[in-house]
Amino acid sequence: MRKGVMRPGHVQIRVLDIEEAVKHYVDLIGLIETDRDEQGRVYLKGWTEVDKYSVVLREADEPGMDFMGFKCVDEATIDSLAEDVRKLGIEVKEIPAGDLKDCGRRMQFVAPTGHTFELYATKEQTGKWGVSNVNPEAWPRDLKGMKATRFDHCLLYGDDLEGNLELFETLGFGLAEQVLDPDNNRVALFLTASMKAHDVAFIKHAEKGKFHHASFYLDTWENVLRAADLISMTNTSLDIGPTRHGLTHGQTIYFFDPSGNRNEVFCGGDYYYPDHEPTTWKAEDLGKAIFYHDRQLNERFLSVLT
Amino acid sequence: MAIENVYQISVINRQQVFWLPQGEPLLMGMEKACQHAINVGCRGGGCGLCKIKVLQGDYQTKRMSRAHISEEEQALGFALACRLTPLSDLVIESDHFKLHTQQPKIS
Ligand code: FES
Ligand SMILES: [Fe+2]
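Protein sequences appear in the order of chains P and H. Position 50 (the first sequence) corresponds to 50 in our numbering; numbering is contiguous. Heads up, our numbering is the position in the second sequence plus 1000, with the first residue counted as 1.
Just chain P, with the same shape it has in the complex (with noise of 0.2 Å):
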């Protein structure tokens, strides 16, 4: 049942490199850089989304993502969100608004996998890049790279998915696919708060909060294989694609960051209504599940986190 949760609203991510990670997500994937702050941090977005940033980048010593944050309909959604997370034994504690830029406060917490989440219900709406919200352009004619359109979900390595699904089914997610082991143990999660195939999806391993890919829509298979033209022409780290994945059905390639963070652009997937009896893969197939034209895993797609 949805509780109040819209949407992906932003994630940070940890780069080793500043300004060349500003030159990827900006000139390559094609999202827009809208401020930055007294830490150093930058702000991004894809030219669709109305909140003024979705992407956070922080320089540091270690790669990964610091943390996902889900946009709430109100601000009494987050409290009342809040206390029932706090009933599952999680400890929820409030950051101040303006810790994140133009962004209200947050209420943030750690999943039984380890990651850090947040739910926050204000941030400064600067409204679509480049088109105007009456009698709106097509699109606008300056983009750059992949033109990627919004940052769609996360794919996340952790531990107890078991535990993730009871905080995100608190949260009022639905669970759209999973993977099953022959001994019916789920080994991977996808969740949605919306009508999208997956807002945020886990894949379990040994380690605690690592994180696999930050992913960008993209509007077309053409422009996934035009994306896959400019990761060759840029000489950018390629882990596999262009290719369809058997889960969700999305038409994807997955590439790396210059600090080794994976990003995906896709388009295509299917959809969800809250009626939907979750879509069930075997972990016998798991090849077919993740790749669905090679029918096998690439060695990286298990192994390679930050």
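List of simulated lysine-lysine pairs, DSSO-like, C-alpha gap at most 27 Å:
#1 P:196 to P:282
#2 P:23 to H:1062
#3 P:3 to P:196
#4 P:87 to P:208
#5 P:93 to P:208
#6 P:101 to P:23
#7 H:1053 to H:1098
#8 H:1032 to P:23
#9 P:128 to P:196
#10 H:1098 to H:1062
#11 P:208 to H:1098
#12 H:1098 to P:204
Think of the hints as simulated: they come from the structure by calculation, not from any bench. It should be emphasised that the depicted structure is a prediction, and the values quoted were computed from it without experimental measurement.
Since the structure of chain P is already known, use the hints to place chain H with the ligands on it.
Chain H with the ligands alone, transformed into the frame defined by chain P:
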């Protein structure tokens, strides 16, 4: 004794030898030469899959994830091959990647 413009890389645990153009990062140069002596991951110093130990030779490195190369390890010659550029012939050991089931606290 280095051959003109290339360095010899000896990977002793895999008993492999290949040649790398000067100025080329070790991991990507190895891939271009179609060699498989070091595991390839993200190619950006983040995942640790390409962790090696340099036993002999000079090199420089770009910033590497502290989750995989601590300061002490760096002083002992451990490095991430994707962030390392040789400055001489090298003798190395590959396959030093380990899972961290106890996640170090991030500051
Ligand atoms: S390949 Fe990932 S750290 Fe070198
Ligand atoms: Fe994805």
